[in-house]
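Chemist: One letter stands for each residue in the lines below.
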Amino acid sequence: MSAAAAARDAGPAPDARSAPERPAPDAAVNRVRAVRARGRRRCATVAAVLVVLVVALVVVTLTLGPFKVALVDVVRILGGEQIPGATFIVMEQRLPRLLVALGVGAAFGASGTIIQTLVRNPLASPDVIGITAGASAAAVLGMTVGGLGAVAVAPVAFGGALVTAAGIYVLARRGTISGYRFVLVGVGVAAVLNAVTAWGLTRAEVTEASRALVWITGSLSRASWDQVPVLWAALAVLLPLAALAALRLRALELGDDAAAGLGARVEPAKAGLLVVAVALAAVATAAAGPVAFVAFLSGPLARRLTGGGVSLGASALTGACLVLAADLVATSLLPTALPVGVVTGVLGAPVLLWLLARANRSGEGG
Amino acid sequence: MTTTAPAAAAPGRVRPLRRAPALAAGLVVGLVLLAVLAVVSVGVGARQVAPLDAWHALTAFDPTSFDHAAVRSRVPRTAVALVVGAALGLAGTLMQGLTRNPLGDPGILGINAGASAAVVLGIFVARVSDPRGYVWFAFVGAAAAAVVVHLVASAGREGATPVKLALAGACVAAALTSLVTAVLVTRTDALDTFRFWQVGSVGGRDLSQVAELAPFLVVGAVLALASGRMLDAAALGEDVARGLGQHVGRARAIVGVAVVLLCGAATALAGPIAFVGLVVPHVGRAITGPDHRWLLPYSALLGAALLVVSDVLGRVVAAPGQLEVGLVTAVVGAPVFVALVRRRRLAEL
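Sequences listed follow chains A and G, in order. Each residue of the first sequence is one higher than the last, beginning at 1 in full-length UniProt numbering. Each residue of the second sequence is one higher than the last, beginning at 1 in full-length UniProt numbering.
By construction, these hints were calculated from the structure, which means they are not laboratory data. Watch out, some of these pointers could steer you wrong.
[To be verified] In silico contact screen, one side only, chain G against chain A (beta carbon under 8 Å); selected entries:
#	residue
1	155
2	163
3	171
4	174
5	184
6	188
7	192
8	196
9	242
10	246
11	247
12	248
13	334
[Stated by the list, open to error] Residues from chain G that keep clear of chain A, each with C-beta distances beyond 10 Å, as calculated:
#	residue
14	20
15	179
16	316
17	338
[Said to hold, decoys possible] Computed spacing ranges between beta-carbons, pair by pair:
#	chain 1	residue 1	chain 2	residue 2	range
18	A	147	G	240	36 to 46 Å
19	A	229	G	321	55 to 65 Å
20	A	271	G	236	34 to 44 Å
The structure presented is a predicted model; accordingly, all values stated were derived computationally and were not measured. Cβ atoms here follow ideal geometry from the backbone N, Cα and C, with glycine treated the same way.
Based on the provided sequences and hints, a complete structural model is requested.
Modeler: Rendered as C-alpha cells:
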C-alpha cells in the first residue's frame, strides 16, 4: 500500500513539469488521482474477495470430507468442546493439515511473486529456476540414500533449497543480478539436480522410491501439529520482512536503471528480496514438498485479478487459495486420494504453457 | 558468433582447400582414438582387464577365461554408448545450427521430457514393459515436445531467441514432469520400470535392441550428415538462405525429422541423457570452425567419445558399483552450460 504512496509522491512530478503547457493541469492531476484511487480500491476489493474465498475454503475443508462434520459442531470443537470422533478428525487431522496448507500456499505465493518481479520475467518462479529442484534432490537423496523419513528429511530439503539458491546466485552474478542470466543458470542447475533426483530414485526399494516421489510431488498428508509452529513462526518472521522489502518492488519493476534513478538502492534491495523469497520457498518446501506451480501461478493470477501492479498480499492469498482448493480436490473429489502436488501440477501445466505463449507474444518472455 | 562470423567467412573460401586434408586426417585419428576408447571401456569395471587382454577377448575369444567373459559382457553397453553418444552429438549440432541457438540440447529444450512423458504413457496406458515397445512412444513424444517448444518460443516479434527457447523448454519439461508424476504416484509398478529408464543409462541393454533401433539411427545420421549445406545457409539467416536458393521450409523439415529420429532413438535406447547434445557442438566448433559439413561428422565422433568416457568414469568413480551415465553427463556438462550463459552477451550462432 505504501508502495502506492511512494509512487504517488514520485508520480505527480512529470505532471507538474508539463503543467505550464497544459490548459487544465488540475483536471489532469485529478484524473491521475482518480485512476490511482480506482486501482487501490480494486486491490482492496480483490484482497477482500480472496480473504472471503480463503475463509470459505477453510470452512469447506473443516466440514466436508469422507467424514462430514456440521459447521456448528466445528465451531463447538474449536471452542474446546469434545465430540467423540469429530473432535479427533477436526483437531488432529483437518486443522493441522489446513494450517500447513495455508502457510505453504501463502509462502509459495509470496516467494514466486517476489522472484518473478525481481527478475522481471513471469516464468522465473522457484519451481522453474531450480530452487525447489535443489530441495527435491536433497530430499530424495536423504530418503533413498540416507534412509531418512519423510518428516526427518525436512531440514535437509530446506538446506538443499538454500544451497541451490546461493549457488545459482553466485554463478549468475556478474556485476548485477541480470534477469535472464539468473533464469538460464537456474534452468541449467535444475537440469543437473533433476538428474541427481532421477539417480536417487533408483537407489532404493521401490516403496522407498515411491515415498520419495510423493515427497517431491508435494503432499500434505504428513501435516501434523509438530510442523505448524515451525512453519508459522518462520512465516511470522518472513512475511513481514517480505512486505517490507516489497516496498522496493514497485521501483524495481521499472528496471534497474529507472529504479536507481528513483532513488532505490538496487543491489541491496534485490539481494534482500531474493534472500526472503528463497527462505519462503525453502520453508514451504520443507513443510510440504515442492507443490508444483503454486509459486509459479499465484503471482500472474493475482496480477490479473488486481489489474496490474504487484501485490504481495493478493499473491499470498491466491497461493493459499490454490493449495486449499487443490487439496480439497485431491482428497475429496477424486476417487483415490492423491498428493496435492499432482492436482496443482496437472491443472497448472496448461496454464503454464498458456502464460508462456502469452508472455512471448507480448514480448515479455525473452 | 555474429561478430566473428564475417571475419571467418572471408578466408573461408580458401581455407577448406587447405584445411580439408587436415580435418579429414583428424577424423581418421579420431576414429582410431574412439576405437582405443572402446577397447578401454570393455576392459574397465568391477573386473579390470588390461586393454591388450580386452583386445584378445574381442579377437580371439577364450570361453574358459573369466576376464574374456567380463569383457564380452561389456560389449553391448559400449556399443550403446557409442551409438547413443554419436546420435546425441549429431542431434545437438543440428538443433544448434537450425535454431542458431548456442543452448540447443534435447534436455534443455524439453525434447527428452516429451519422450519421457510418452514412455510413461506407454508403460501406464498401453502396459508396455518391454523397452522395445518404448521406441514409438519416445519418437512421438520427442516430436510433439519439439513442435510445442518451437511454436511457443517463436511466438512474438523477435522469433525464437535462445533465451525464449530455453525457457519454453524448461516450462514444457516442468509441465510434462508433473503429468508424469501424476501417473507414477498412483502406480508403483510403472514407477519401478520408469525410474531405471529415467536415470539415463547404457547398462543392461543387449545388442538386439541396438540392432532394432539401427534403421532409425542410420536414417537420422544420413539425413544429419547430408544437411551440412542447409545448416551453413541457415547460419546466414532465413532471408539470406532463401536468397541463396534454399528451400527454408524443406530444410527445416529435414533437419527436424533427423533430430526427432536421432533423439527419439537415443532416448528410447538409453533414457533421457542431457548435456551431450549441448557440449559436443561447442567443442566441435572449436576444432572445425563453423562449417557444418565438417562439424557434423566431428560431432558424431565427439558425442560417441564423450558418452563412452562418461560411462567409464561412472564405473571408475563409483567402483565396484556404477554411476549411471545420465548423471555423469549432467555433472560434466552443466559447467559448460553455465559458462555459455555467463558470456557477456548470449549471442546467437
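Chemist: Checking against the hints above, which ones are violated?
Modeler: Those not satisfied are hints 9, 10, 11, 12, 15, 17, 18 and 19.
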